[in-house]
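Trainee: Protein chains in written order, with UniProt numbering: chain A, 1 to 332; chain B, 1 to 332; chain C, 1 to 332; chain D, 1 to 332; chain E, 1 to 332; chain F, 1 to 332.
Derived from the structure by calculation, the hints contain no laboratory data. Ideal placement from N, C-alpha and C gives every residue a C-beta, glycine not left out. Certain hints may be false.
[What the hints assert, rightly or not] Below, a list of computed lysine to any residue pairs in the SDA-like style, where the Cα atoms sit at most 25 Å apart:
no., chain 1, residue 1, chain 2, residue 2
1, F, Lys217, F, Leu202
2, A, Lys21, E, Tyr168
3, E, Lys49, B, Thr60
[Said to hold, decoys possible] Under 10 Å between C-beta atoms, here's a sample of chain C residues computed to sit facing chain E:
no., residue
4, Gln24
5, Thr25
6, Pro179
7, Glu181
[Claimed, not checked] Residues from chain F that keep clear of chain D, each with C-beta distances beyond 12 Å, as calculated:
no., residue
8, Asp47
9, Arg98
10, Asp115
11, Asn120
12, Thr207
13, Arg234
14, Met247
15, Thr271
16, Ile331
Number of protein chains: 6
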Amino acid sequence: MKKVVTFGEVMMRLTPPGYAKISQTETLELTFGGGEANVAISLAYFDLKAFHVTQFPDNTVGKAATQFLRRHWVATPYVTYGPMDLGIYFHERGAVHRSSTVLYDRANSSFANLDPSVYNWEEIFEDADWFHWTGITPAISENTLAATKQALLAAKKMGVKVSCDLTYRDSLWKYGKTPQEALPELIELTDVLMTGTREMILFSDGTEEMEQEDLMKNFQKTFPNLEIIADKKRDSINASLNALSGMMWDGQQIYQTKELSVTHIVDRVGTGDAFCAGLIYGLLTKEGNQHALDFAIAACALKHTIEGDANMVSVADVEKLVSGDSSGRIIR
Amino acid sequence: MKKVVTFGEVMMRLTPPGYAKISQTETLELTFGGGEANVAISLAYFDLKAFHVTQFPDNTVGKAATQFLRRHWVATPYVTYGPMDLGIYFHERGAVHRSSTVLYDRANSSFANLDPSVYNWEEIFEDADWFHWTGITPAISENTLAATKQALLAAKKMGVKVSCDLTYRDSLWKYGKTPQEALPELIELTDVLMTGTREMILFSDGTEEMEQEDLMKNFQKTFPNLEIIADKKRDSINASLNALSGMMWDGQQIYQTKELSVTHIVDRVGTGDAFCAGLIYGLLTKEGNQHALDFAIAACALKHTIEGDANMVSVADVEKLVSGDSSGRIIR
Amino acid sequence: MKKVVTFGEVMMRLTPPGYAKISQTETLELTFGGGEANVAISLAYFDLKAFHVTQFPDNTVGKAATQFLRRHWVATPYVTYGPMDLGIYFHERGAVHRSSTVLYDRANSSFANLDPSVYNWEEIFEDADWFHWTGITPAISENTLAATKQALLAAKKMGVKVSCDLTYRDSLWKYGKTPQEALPELIELTDVLMTGTREMILFSDGTEEMEQEDLMKNFQKTFPNLEIIADKKRDSINASLNALSGMMWDGQQIYQTKELSVTHIVDRVGTGDAFCAGLIYGLLTKEGNQHALDFAIAACALKHTIEGDANMVSVADVEKLVSGDSSGRIIR
Amino acid sequence: MKKVVTFGEVMMRLTPPGYAKISQTETLELTFGGGEANVAISLAYFDLKAFHVTQFPDNTVGKAATQFLRRHWVATPYVTYGPMDLGIYFHERGAVHRSSTVLYDRANSSFANLDPSVYNWEEIFEDADWFHWTGITPAISENTLAATKQALLAAKKMGVKVSCDLTYRDSLWKYGKTPQEALPELIELTDVLMTGTREMILFSDGTEEMEQEDLMKNFQKTFPNLEIIADKKRDSINASLNALSGMMWDGQQIYQTKELSVTHIVDRVGTGDAFCAGLIYGLLTKEGNQHALDFAIAACALKHTIEGDANMVSVADVEKLVSGDSSGRIIR
Amino acid sequence: MKKVVTFGEVMMRLTPPGYAKISQTETLELTFGGGEANVAISLAYFDLKAFHVTQFPDNTVGKAATQFLRRHWVATPYVTYGPMDLGIYFHERGAVHRSSTVLYDRANSSFANLDPSVYNWEEIFEDADWFHWTGITPAISENTLAATKQALLAAKKMGVKVSCDLTYRDSLWKYGKTPQEALPELIELTDVLMTGTREMILFSDGTEEMEQEDLMKNFQKTFPNLEIIADKKRDSINASLNALSGMMWDGQQIYQTKELSVTHIVDRVGTGDAFCAGLIYGLLTKEGNQHALDFAIAACALKHTIEGDANMVSVADVEKLVSGDSSGRIIR
Amino acid sequence: MKKVVTFGEVMMRLTPPGYAKISQTETLELTFGGGEANVAISLAYFDLKAFHVTQFPDNTVGKAATQFLRRHWVATPYVTYGPMDLGIYFHERGAVHRSSTVLYDRANSSFANLDPSVYNWEEIFEDADWFHWTGITPAISENTLAATKQALLAAKKMGVKVSCDLTYRDSLWKYGKTPQEALPELIELTDVLMTGTREMILFSDGTEEMEQEDLMKNFQKTFPNLEIIADKKRDSINASLNALSGMMWDGQQIYQTKELSVTHIVDRVGTGDAFCAGLIYGLLTKEGNQHALDFAIAACALKHTIEGDANMVSVADVEKLVSGDSSGRIIR
């Protein structure tokens with residue numbers, strides 16, 4: 001069983017029931033999520049040995065967050081506890097023309113205030129096969145940028161394969177560094193990159209006029225260390241109805257998938273993370289790059305039907321969809 | 001900030017959770033609604049200064065109804081309290097080929113028994129820009145007909161613009177008057193009329209053979225005081241899937257909107273009220289009649305995704321849809 | 001009012017709220033269901049006099065199951081109580097490409113351990129017009145096979161019309177008999193058969209290459225006692241979106257229905273039972289075989305919008321859809 | 001198994017969750033209750049054959065009320081359906097110094113508007129052993145007074161034992177008759193009377209200065225037809241803590257029970273009805289008047305721990321408490 | 001109707017259902033609370049005209065907090081909106097020997113970051129009769145200390161009566177000032193002080209050896225501006241069972257109340273605020289200081305039965321308990 | 001950190017909300033429990049390293065049970081998965097004179113059918129300090145008896161301290177062995193015994209006439225290997241109100257605790273397991289036998305306030321009560 005390590009912030013997610021708004025409700029559904037932890041949970045449901053590294057507040061809320069990870073099969077021996085609070089996000093479900101909303105209360109969280117020196121990455125990466133990080137983490141604080149860099153250097157040193165979801169969020173990056181200053185040296189320590197076109201344009205000489213395929217090829221020229229550049233393409237007809245397909249460049253060849261129509265979206269959050277987890281799993285199983293991308297898109301599609309942030313489907317669930325069975329017939 | 005006044009009955013709405021029927025449940029969701037109050041709430045969420053005038057029972061249930069209006073930004077200084085009970089309606093959500101149902105328990109409510117002389121309409125309309133009523137109110141009792149008429153006369157006298165949603169309900173009109181006797185003189189005191197084709201045929205010499213456009217033009221001949229006649233057109237594919245568009249005649253020109261497909265209906269109730277509120281807002285902002293109608297249809301479409309009777313979306317939410325962005329992408 | 005008798009196991013159904021999985025929840029929705037009892041409830045909602053015969057454990061759970069049947073208008077004077085437990089099934093709702101799942105905990109239930117000699121079928125069938133059984137019951141245990149056979153012999157003797165839903169489940173048939181040994185003599189005592197193509201191939205010389213129409217004709221040659229062979233055909237686009245149509249052979253003629261598109265499935269379980277109940281009702285009302293099949297398919301379609309196992313719609317609800325009104329407009 | 005008949009109004013009961021007030025909640029717990037039906041349910045849980053006679057509205061709410069009775073083992077063949085609505089009451093749970101509240105919305109209900117001529121009491125009382133009515137029913141309307149009187153005359157004629165809970169409510173008696181005009185002739189047709197001291201003073205020459213024991217003896221002199229006069233005595237320390245004991249006069253002897261301390265009240269509503277049902281059961285089983293009173297008080301005490309209006313405990317539950325085991329140890 | 005103004009932070013309160021801990025739940029009950037706003041709500045339920053002044057974040061969560069105040073009758077025209085987040089507190093209900101817990105996530109809230117210059121206290125206090133503040137507010141930040149001082153100076157100038165609940169919390173006071181530096185000059189601007197013995201010792205030469213009565217007298221010597229010093233005394237037998245009584249010094253006389261036993265606590269939070277609101281109401285109605293203290297203790301006792309932070313009982317509810325009726329009998 | 005191992009069946013627990021009965025509800029609260037696993041969870045919350053050994057069904061329900069243990073800090077590497085189902089128990093909360101009830105559906109569970117040979121106890125006990133078993137496990141099946149014996153022999157061999165809760169249940173022991181045949185040799189392999197008087201009489205020559213103290217001394221004569229015999233004594237005033245105290249014999253001395261009054265019981269289930277866990281913790285920390293017993297009784301008392309089967313309190317929570325602080329004041 002492969003060992004995978006992820007590192008990043010986990011937040012409490014609070015959602016009104018059904019399609020209510022916060023101003024209409026007196027109860028909130030409680031779960032936890034965060035891009036990297038979502039990948040860990042998804043991989044744990046794929047029966048990999050997933051470890052998540054993060055910092056939580058040293059109180060019952062921080063403990064409950066750890067307990068959430070443990071419940072969903074993620075190992076937590078490297079979680080640290082510190083002062084300050086757990087980040088929170090409020091989520092209102094949208095439908096049709098009404099967007100879902102996400103409102104963050106994460107400034108100055110325990111995670112943002114972590115001390116990078118407390119993580120012994122060499123111990124953490126012992127026997128590890130893979131390390132996954134995202135562009136969110138270095139955007140949070142000087143501390144989390146430093147910790148990410150240390151992790152990447154250790155991973156490189158120990159021969160652990162590294163993937164990154166390069167997601168760029170305007171609303172972060174408040175601590176003084178710009179992404180252009182911080183990220184390139186981290187990308188250079190990465191092997192597998194999941195990224196949209198916007199990020200490729202931000203961090204290379206790619207332009208909006210270029211096709212996605214060409215952007216990928218161009219981006220790899222900028223960062224020749226990248227073995228894989230992959231993306232899911234989403235056609236967002238409305239908040240309840242999307243169509244998905246994947247594209248990937250491995251330095252040799254462009255791979256594409258057929259389109260999957262997600263006709264009744266249950267939960268849109270974390271679908272990108274499900275794509276990443278699917279791709280990591282697919283690449284680790286070495287059944288070929290086309291299969292890895294197909295697996296990633298199928299996993300992503302299935303996540304749209306799972307409540308909460310993280311994809312909780314099995315390899316068999318995904319392979320059924322990869323094999324073309326999208327009928328959703330009752331399993332008895 | 002514009003001041004808008006609405007007048008009408010508010011009922012308690014009781015709905016089984018999910019798609020359950022009353023015979024399947026042991027809990028009911030509790031909210032409040034009524035055509036005119038729904039308009040007031042919607043306008044309050046558009047940041048207008050909305051006042052609702054009504055009568056509630058003088059008990060904890062009546063107080064809770066007032067509290068509901070206050071919670072959703074509506075001002076309630078003119079609400080009166082009297083004997084009898086609050087009207088109630090039971091609502092079962094339908095889906096696909098199963099209709100939603102509404103079962104009224106509203107006979108002999110506090111509102112039906114109001115004393116028209118207690119409302120000082122000149123005080124209520126001080127600084128008011130708009131007054132909205134519906135064909136439901138005069139259908140309830142002699143008292144509510146009288147109060148409506150007094151309100152309209154006062155509005156006219158004070159130069160307050162008047163709109164009406166002419167909705168005709170067979171199941172009302174039990175107190176002795178027919179709509180043909182009661183309504184024409186009220187329509188004559190109205191400036192902006194929202195009405196379906198059925199009502200135009202009932203109150204004019206229009207016929208079922210006439211196109212909606214011609215009915216509007218013909219109806220305005222009967223009531224030349226009407227500056228605007230508008231309607232939403234609904235193609236009801238099934239209970240979960242509708243398509244919407246708008247039509248409007250301003251005495252000069254027929255306006256139409258493109259069709260919006262509401263692919264996953266969350267709550268069908270109050271969508272007509274959302275159209276009215278959208279149109280009132282659009283006309284008040286004076287960005288042109290085409291924009292007013294587009295705004296009304298977009299507001300109506302969004303209401304299909306909001307739980308409860310009233311539309312709780314912002315002007316920005318509506319304008320985004322008016323501008324053509326129907327993608328429903330997550331807002332972070 | 002026609003009297004209809006059904007016989008079969010009823011299980012407790014436990015479902016996480018919304019689309020959650022069992023590993024995500026701390027509450028379960030509780031209802032009861034079973035193929036034959038679902039038919040009884042549906043017929044009771046069609047205002048027939050429905051009696052369900054079964055065995056429950058002699059404890060509060062067994063009593064609650066009886067109370068569920070009584071609540072939904074089914075008469076329970078012939079229910080027996082014995083040792084062991086009530087069967088349970090866990091149900092996770094699926095959506096789009098994710099299948100709903102059903103996990104049974106029914107081995108060694110009170111029903112499986114019933115004593116066939118305690119049922120006085122001649123008393124039970126007094127004044128009865130119809131008896132319905134399914135292929136599930138003889139698959140459970142030697143006891144339930146014996147009881148089914150006794151019921152059928154009594155029904156035949158007393159001139160009670162007999163229908164069967166021949167559903168074959170691999171996961172049952174663990175007690176030593178094969179379906180090929182047990183079922184043919186029971187089919188020979190049956191008048192109206194609901195069956196898919198798979199079962200027709202299992203119990204006759206039909207082949208997978210044959211069209212459904214020909215399989216029906218061929219199957220009736222094997223069992224010439226069958227007056228009616230009927231099936232619903234399901235096009236399962238995905239777990240949330242199906243299309244339905246019906247086919248029936250009455251020895252003279254093939255009947256077909258137009259296709260109904262169920263665009264937003266609420267609950268997929270029990271839709272076959274709703275078809276059976278619709279067909280039984282349709283045949284009992286003797287408005288013609290085409291109408292019976294149309295009624296059955298419309299009932300089946302409506303069940304997809306009802307929560308729980310059993311169809312709780314009225315004859316008027318079904319007839320409205322049969323008549324072509326699929327608009328799902330609000331009923332006030 | 002004894003057949004018992006009850007007659008009276010059933011209302012929908014709506015209660016906020018926990019100790020919330022209506023102004024604090026967005027969900028309501030739904031159940032049904034009414035003094036006489038509560039007696040019927042309690043007796044049905046004691047394994048008697050209980051029939052409730054009432055009128056419900058002819059809609060899904062009225063059907064759901066019938067289904068509630070059926071679910072709780074009460075037979076409903078004599079229920080009639082008519083126009084108007086189901087009475088509703090809103091209930092807020094109190095605790096300690098805060099009273100529970102009950103707010104009625106029952107004016108002009110279907111029950112109040114029943115047609116007395118539709119009940120064939122001779123058919124209803126066939127094989128019946130007991131009939132129970134309360135002072136609420138004749139207080140509602142001229143119609144319900146008439147129906148009560150017809151029922152009592154038929155019961156007398158057919159030798160059915162009659163009990164009455166004489167509860168007097170100021171808020172009723174709005175239709176023109178006073179209780180002093182209406183009730184005496186009904187009491188004269190009654191055999192067993194449950195009544196507090198207040199009612200005995202209202203309907204006889206008893207005075208507030210008299211002890212309860214003497215009031216009972218005196219009352220029976222006024223109504224010598226009464227075989228039994230009984231009452232529960234409640235020491236209401238606060239809304240969560242009461243002490244209960246019983247007193248009874250059978251024309252020969254005063255019976256009393258020891259005091260039961262109800263230390264943690266779950267639901268105070270319907271505890272008087274539980275006392276009546278306990279007494280009826282105790283008298284029917286003919287184990288002596290002392291035992292009947294002990295049984296009634298124990299049943300009453302247990303009702304304080306049952307949610308909803310009606311007592312849902314078994315004879316064994318009550319006998320355990322009668323026998324002095326008040327330990328409440330877990331039953332496995 | 002008297003106008004009362006309060007000023008202070010409002011937080012979102014999140015509580016697991018029943019007695020669950022955060023680690024056991026997937027839903028949280030949502031309400032809002034804060035010492036001063038709790039006083040405002042309580043006074044609004046006493047039918048005074050209550051205004052709360054605070055700063056909320058300018059997002060849907062801040063709006064929902066305002067809506068909560070409006071729903072509970074508090075006027076909010078002076079609420080300001082700014083950056084940062086709403087303070088949150090997690091509350092786990094305790095019972096018996098298990099304490100309830102409150103875990104704050106309030107550092108760096110919108111309220112802490114308010115700009116004191118935006119509040120026009122002279123406008124706010126127009127026509128006001130009373131201003132209430134607590135020792136929490138100056139403990140939060142330099143900004144909130146400054147705003148409190150400005151409010152007090154304005155109140156003094158405009159002749160508005162001022163009360164203070166001097167609650168001292170160790171966990172606050174992190175911004176550089178000590179309470180001994182900040183509070184005395186604020187106390188000097190106050191007329192009515194609610195305070196425990198601990199605070200009196202902190203801010204005067206009182207000692208732990210002194211009786212509460214003597215501490216009050218001594219404290220008033222230090223702050224001769226104080227017209228009233230009052231406290232509730234709590235005997236905490238356990239988390240579910242407390243006894244309450246009041247003591248007050250008005251410079252002339254010591255007042256005491258009888259003890260109220262709260263035998264079944266529903267919600268312990270906000271009971272001190274309920275005492276303050278009761279005292280303010282009692283003093284405003286000028287029915288004598290003994291009555292004011294009795295009213296305050298009765299209000300405090302009743303709050304223990306109300307869910308959420310704020311007391312939502314009426315004057316009649318409190319007066320009933322003041323008058324000695326603690327029976328909690330059902331009110332119909 | 002000490003390593004503790006427990007072995008035994010875990011069942012799904014299903015409980016209606018509040019005080020409802022199964023026949024009144026449509027939702028059930030879902031948790032998991034079992035005597036030995038409850039001990040493991042409690043010890044894990046005391047920050048010991050707790051491992052639970054059991055067999056679960058190899059399906060989503062079995063996985064969810066494992067996930068429950070993981071969530072509550074128990075390590076599960078030795079859990080095995082097999083055929084059959086998870087045991088279930090239905091629990092109805094009682095109050096005052098109404099007992100809580102527990103109804104088992106556990107016959108023929110996966111655990112009962114485990115293969116004893118699959119557990120490698122020498123590996124499991126590596127570095128272990130303590131092993132805990134109960135009298136329930138050998139009562140279930142020949143297989144579970146065999147596994148218990150193998151575990152005990154291995155523990156003895158490896159020097160692991162062994163404790164047992166000797167609970168005797170009549171309703172088990174159905175597989176052919178009597179407890180008198182099976183248990184003595186297991187008790188002989190045990191060091192610390194928790195037992196009531198009933199079990200001591202069953203397995204020794206103790207008699208009902210003997211005082212508990214003497215029974216303990218006598219029992220230890222029969223089993224001189226026992227270092228500790230301990231029991232909690234419960235005075236069950238009613239289902240909501242109990243008093244607790246402890247007694248213990250260590251071969252030298254009788255220890256007793258003061259009585260703790262549990263005035264408002266939240267959940268009675270698992271309180272004996274909480275006592276066991278408290279005693280194990282107390283003995284492991286070696287602060288003296290009196291402290292160990294005091295800790296055990298305090299832990300037991302606190303469990304009565306925790307929802308679910310297992311005690312989820314911290315060492316600090318227990319020590320606070322041991323130190324005499326039973327005030328339950330809010331912890332902020």
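Trainee: None of the hints should be skipped; say for each whether it holds.
Mentor: A quick look at each hint next to the structure:
no. : hint                  : result
1   : F/Lys217 <-> F/Leu202 : holds, 15 Å
2   : A/Lys21 <-> E/Tyr168  : violated, 36 Å
3   : E/Lys49 <-> B/Thr60   : holds, 19 Å
4   : Gln24                 : holds, 7 Å
5   : Thr25                 : holds, 7 Å
6   : Pro179                : violated, 43 Å
7   : Glu181                : violated, 48 Å
8   : Asp47                 : holds, 30 Å
9   : Arg98                 : violated, 4 Å
10  : Asp115                : holds, 28 Å
11  : Asn120                : holds, 34 Å
12  : Thr207                : holds, 23 Å
13  : Arg234                : violated, 9 Å
14  : Met247                : holds, 19 Å
15  : Thr271                : violated, 10 Å
16  : Ile331                : holds, 22 Å
The structure does not agree with the numbered hints 2, 6, 7, 9, 13 and 15 stated previously, though it agrees with the rest.
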